[in-house]
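Sequence order for the protein chains is L and B.
Its first residue numbered 1, the first sequence is counted upward by one per residue in our numbering.
Its first residue numbered 1, the second sequence is counted upward by one per residue in our numbering.
Watch out, some of these pointers could steer you wrong.
Since the list can't tell identical chains apart, any single copy or any two copies may satisfy a pair.
Straight-line distance between alpha carbons at most 25 Å, and here's what the computed SDA-like set of lysine to any residue pairs gives [claimed, not checked]: (1) LYS45 with THR15; (2) LYS63 with ASP289; (3) LYS120 with THR16; (4) LYS311 with ALA87.
Calculated directly from the structure, the hints in this document are not laboratory data.
There are 2 protein chains.
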Amino acid sequence: MSKIVMKFGGTSVGTTEKIAHVANRIRKEKEKGHDIVVVVSAMGKTTDELVKLAHEITESPTKREMDMLLTTGEQVTMSLLAIQLNALDIDAISLTGWQAGLQTDNVYRNARVENLDGSKILNLLEEGKVVIVAGFQGVSSDGEITTLGRGGSDTTAVAIAVSIEADICDIYTDVEGVFTSDPRFVPNARKLEQLEYDEMLELANLGAGVLHPRAVEFAKNYKIPLRVRSSYVENEGTILKEEVDVEKNLVVRGVAFESDIVRLTIEYEVPFNGSLASIFTTLANNHIDVDIIVQSIVDGVKPTVSFSIKKESLSEAITVLETHKEVLGFTFADFEVGLAKVSIVGSGMVSNPGVAAQMFDRLRKENIPVKMVSTSEIKVSVVVPQQNMILAANALHDEFKLGLSQ
Amino acid sequence: MSKIVMKFGGTSVGTTEKIAHVANRIRKEKEKGHDIVVVVSAMGKTTDELVKLAHEITESPTKREMDMLLTTGEQVTMSLLAIQLNALDIDAISLTGWQAGLQTDNVYRNARVENLDGSKILNLLEEGKVVIVAGFQGVSSDGEITTLGRGGSDTTAVAIAVSIEADICDIYTDVEGVFTSDPRFVPNARKLEQLEYDEMLELANLGAGVLHPRAVEFAKNYKIPLRVRSSYVENEGTILKEEVDVEKNLVVRGVAFESDIVRLTIEYEVPFNGSLASIFTTLANNHIDVDIIVQSIVDGVKPTVSFSIKKESLSEAITVLETHKEVLGFTFADFEVGLAKVSIVGSGMVSNPGVAAQMFDRLRKENIPVKMVSTSEIKVSVVVPQQNMILAANALHDEFKLGLSQ
Chain L
1 MSKIVMKFGG
11 TSVGTTEKIA
21 HVANRIRKEK
31 EKGHDIVVVV
41 SAMGKTTDEL
51 VKLAHEITES
61 PTKREMDMLL
71 TTGEQVTMSL
81 LAIQLNALDI
91 DAISLTGWQA
101 GLQTDNVYRN
111 ARVENLDGSK
121 ILNLLEEGKV
131 VIVAGFQGVS
141 SDGEITTLGR
151 GGSDTTAVAI
161 AVSIEADICD
171 IYTDVEGVFT
181 SDPRFVPNAR
191 KLEQLEYDEM
201 LELANLGAGV
211 LHPRAVEFAK
221 NYKIPLRVRS
231 SYVENEGTIL
241 KEEVDVEKNL
251 VVRGVAFESD
261 IVRLTIEYEV
271 PFNGSLASIF
281 TTLANNHIDV
291 DIIVQSIVDG
301 VKPTVSFSIK
311 KESLSEAITV
321 LETHKEVLGF
331 TFADFEVGLA
341 KVSIVGSGMV
351 SNPGVAAQMF
361 DRLRKENIPV
371 KMVSTSEIKV
381 SVVVPQQNMI
391 LAANALHDEF
401 KLGLSQ
Chain B
1 MSKIVMKFGG
11 TSVGTTEKIA
21 HVANRIRKEK
31 EKGHDIVVVV
41 SAMGKTTDEL
51 VKLAHEITES
61 PTKREMDMLL
71 TTGEQVTMSL
81 LAIQLNALDI
91 DAISLTGWQA
101 GLQTDNVYRN
111 ARVENLDGSK
121 ILNLLEEGKV
131 VIVAGFQGVS
141 SDGEITTLGR
151 GGSDTTAVAI
161 AVSIEADICD
171 IYTDVEGVFT
181 SDPRFVPNAR
191 KLEQLEYDEM
201 LELANLGAGV
211 LHPRAVEFAK
221 NYKIPLRVRS
231 SYVENEGTIL
241 KEEVDVEKNL
251 VVRGVAFESD
261 IVRLTIEYEV
271 PFNGSLASIF
281 TTLANNHIDV
291 DIIVQSIVDG
301 VKPTVSFSIK
311 KESLSEAITV
321 LETHKEVLGF
331 TFADFEVGLA
341 KVSIVGSGMV
351 SNPGVAAQMF
361 DRLRKENIPV
371 KMVSTSEIKV
381 SVVVPQQNMI
391 LAANALHDEF
401 KLGLSQ
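The shape of chain L in the complex, shown without the other chains (with noise of 0.2 Å):
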């Protein structure tokens, strides 16, 4: 008898027929005498919805409140869950964030987890129950409603997973398992059976939209398997672990891209005074996520600083950065849009000097322009006009022989 968490994203849970098909995947694990927690995410396209209905109001709605107004969605599918496996006699509670005990720190929209004491939880499991939680949300130590940021969720099934110890850790998605690429967009991609938490951490923070990247981060530091697998086909899916077998000995082991990106650049009318880092302190305090840092300074040239954001963290980039324009010491900032993130990962590029080089050969005999480049020790990335981002995928996914047929 094992404990396990599986965890359901949106799409799995987009309709009550999804809920009865998800009850029925709980009901076979039950049966084989498990206790088993379950974190749901919001049905189908409700977060959306609701984001929609808070932008007819305003285009920059209060944080607090919009997190008040998203967790509601992960409630609806907790309950209705519960309400059919009750139905199917499976004794089963649903739980929100701060019933479950779910503690963050107080960053509405973007909590981090500081605690999470299981023995509520488990509890319930020694009472024989189904225990479902929502996922995403949390409560700040004031009682304060909070959520986790963009597929969150995952991160609240690995969190589970660490407070009660789990077995394991199922993350059930619309996909198999974790692929080489978005196979919706990168036709010839395949799917890996094994993979490092370092790599699928990148690949998650470059937006493979497969798992969160705190969740990956999580399940690292406490060594908890973690399982991507499909809803709907029954088979073994993507198993994360600390070192996985050599596959063909292949260099790199995934492309990863990630769209809606912008450029900010800022440029300096005066000496460059060290005010990089207040810069980056101002937009970290504002909770503004930059992902790639271009800093070029040539003599005889007005020094300038390009870094890349999300789209949707643009207006209040600009707002931040326009308030503390004296105090940070430039004069001009630009941006620009319509980009997008095109990445090669693997842990084994490290003892590769040519990775790098190959990638950017390929993406000139495609004619894409690359605009910004950033490379860490497992991977490379290259920011690309977003008209281009699918065929650069595709192009590095052949470059590296990552592809079925090859």
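Given chain L, work out where chain B should sit, using these hints.
Relative to the frame of chain L, chain B by itself:
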């Protein structure tokens, strides 16, 4: 400067456009310097839609989980209203039932308010904030989410008014006040300027649909001035107080009606053995509201007892009765659906014995059969076929000269 509780019902907040209108109403009161607490219901048909989702799964969803499900409705409204007020530069904060400290017993779907510590709301008011509280919902002492039953948002509003010692509790609704009858079905109905708590209580209990009876009871017990006003038309509405000025010496002050009534009849094969109390205790323990009870014991005829319940409680009532059949000592139970209740209400009725006779006479003239009768000091109710309900209401409204043109 006064402390005002403003409660807005579902139709008043049915769209973001309507929420903007409500925000404007709140702004006007705030600009007068008042401290404002707002209580909101779920938007328009949200609750119905959530119930429909649950019923797609099963006809008898778990009550606990239904409360989980339904409480999301008010949470959506309150956060959107807070977003709207903040967008108008009015400092506003929304609170769920548990955050506001509205503590109830743990009867799911029909909980009673046990306590409301107003200190959190008062602190927020002191900070100059408009405080928005989700109506209809509370939390039990063991942290379970509960709902106050149909129309419970009114109760929330009065409970808050009591806890913060508000000067007035304004119930904003889609009608301009309390009418002599429901103007949607009785075209000749007229708005009342004043009404006694007790009369309102009978009207509310009888399904006049303007105010929840518990809310009126609450207001009466704590002598909270309660005003029913229109969300759209800016007039004074109807004020509820202990004793009102007699208008035109009318004995009857209103005609109320309620559809979807079911009459259950129980017959005893064995001599009646005092199990009458047991039946209604059993039904009460299962939280089935029984309204009219009629008992008839005639020599030589088997004793019967008939009682009316709401249609929605029928399946549960039958289950409960079947389960307890042997203990309760009856051997036959029957029911009649398709019924409605029509009542006349007025505190002057007690000193006017001919009122009931006049009522029956008029119904006879209209060829409306009377299935059950129940009387109290300030009302007479009859159960009639559902298809005669509107005719009966209009006829009685006319009979007792309640109309505009009389």
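Q.
Tell me the hint numbers this structure goes against, listed in increasing order.
A. When the structure is compared with the hints, only number 3 turns out to be violated.
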